[in-house]
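Visitor: Sequence:
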Amino acid sequence: MFADNGHLVRASAQLWHTGSISHPDFFAGDPPLVPSGVNPDLRSPTASGSQPTVTPRAMTREDITTTISDFAAAAANAQRAGFDGVQLQAGFSYLIGQFLNPQTNQRTDDYGGSIANRARILFDILDAVGERIDITRVGVKTGPTWAEHGKFVSTADTLATSEYVVERLKDYPLAHWLLMGAMADLSGGPLAHLQGDGMFRHFRPLYKGTLIANVGMTRERGNNIITQGLTDLVAYGQPFIANPDLPERFAVHAPIAEADHTLHYTPGPHGYTDYPPISENHTSAQYLPNIRHL
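To get this note's numbering, take the position in the sequence shown, counting from 1, and add 26.
Simulated from the structure, these hints should not be mistaken for lab results.
Note that the Cβ used here is the ideal one computed from N, Cα and C, for glycine as well.
Check before you lean on any hint, since a few could be wrong.
As the list claims (entries may be wrong) - Now the in silico label distances, taken between C-beta atoms and shown as ranges: (1) Thr244 - Ser95: 37 to 43 Å; (2) Asp211 - Thr299: 30 to 36 Å; (3) Lys196 - Pro270: 32 to 38 Å; (4) Ser38 - Ile252: 18 to 24 Å; (5) Asp183 - Asp110: 33 to 39 Å; (6) Asp51 - Asn249: 39 to 45 Å; (7) Ala99 - Pro302: 36 to 42 Å; (8) Ser140 - Thr81: 22 to 28 Å; (9) Asp183 - Thr236: 26 to 32 Å; (10) Pro302 - Gly139: 50 to 56 Å; (11) Arg36 - Asp211: 31 to 37 Å; (12) Ser140 - Asp96: 24 to 30 Å.
Taking the hints into account, I'd like the entire structure generated from these sequences.
Guide: Written as structure tokens, this is what we have:
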């Protein structure tokens, strides 16, 4: 729990491993560690700018065991640092997602092949984290949302994999499951029915715990899908980049600033800490007539 302007706020640390989306620049020239030696054909943001990903090195069983322990240690460290909980980043195109994806996981041991085997590392990590901190303070971010380019293109296997993961997540009394909506155009593909709110319409009946919806959320859309019972909570990512006071703007119906996407994943403070709060351009009082319950 942290103090923000004298108010106590809850804070959860997201734990993630980039796997093949990383770059040798971060490892003194060594390749990143991944499920299999498959170049994802994406881009990696580095201190010297965006660079193409490289062919990574397949993890040994010892590497996998170490990584599982690293996640558990990170969770314990986060709690000692004052965080109220942690969230495992188990989706998109990062390491756990790379294990789930048969295009990047070509292992022949019990961490590859079947859906259950490809999902094994996620639940090994969850079990290890649960031995270090209260599992009710652990959330998971996962789902079928991929970049839809490079080696992360949805197939007939993608939805079944996510449904298996969600079914297994129900065995854990988690703080939440964060489900990302579509980040690319899914029309014409096997996940076309998950476009827009279809993602939350499909998965809400499958999970009775606390569900958080994410991606492409506005104030209005967030309120609508909560009202429809498609989610319990809504997460805002990119809007916070350009709006450090996003809740205040929502509360008073103030304009929402747009982030400069060309500055995402670039070094330095420009486009990261220099977006002004509304109080520097307007007074909240001018929007007070618009205040209503969120």
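Visitor: All hints, please: hold or fail.
Guide: Okay, the hints, checked on the actual structure:
1. Thr244 - Ser95: 37 to 43 Å: Between Thr244 and Ser95, where Cβ atoms are some 40 Å apart, the hint holds.
2. Asp211 - Thr299: 30 to 36 Å: 32 Å, holds
3. Lys196 - Pro270: 32 to 38 Å: The hinted range 32 to 38 Å holds for Lys196 and Pro270, with Cβ atoms some 36 Å apart.
4. Ser38 - Ile252: 18 to 24 Å: At roughly 20 Å between Cβ atoms, Ile252 and Ser38 fall inside 18 to 24 Å, so the hint holds.
5. Asp183 - Asp110: 33 to 39 Å: The hinted range 33 to 39 Å holds for Asp183 and Asp110, with Cβ atoms some 36 Å apart.
6. Asp51 - Asn249: 39 to 45 Å: 43 Å, holds
7. Ala99 - Pro302: 36 to 42 Å: Holds: the Cβ-Cβ distance is about 38 Å, inside 36 to 42 Å.
8. Ser140 - Thr81: 22 to 28 Å: Roughly 25 Å apart at Cβ, these two residues keep to the hinted range, so it holds.
9. Asp183 - Thr236: 26 to 32 Å: At 27 Å between Cβs, range holds.
10. Pro302 - Gly139: 50 to 56 Å: At roughly 52 Å between Cβ atoms, Gly139 and Pro302 fall inside 50 to 56 Å, so the hint holds.
11. Arg36 - Asp211: 31 to 37 Å: With a Cβ separation near 35 Å, Arg36 and Asp211 satisfy 31 to 37 Å, so the hint holds.
12. Ser140 - Asp96: 24 to 30 Å: 25 Å, holds
Hint violations for this structure: none, all hints satisfied.
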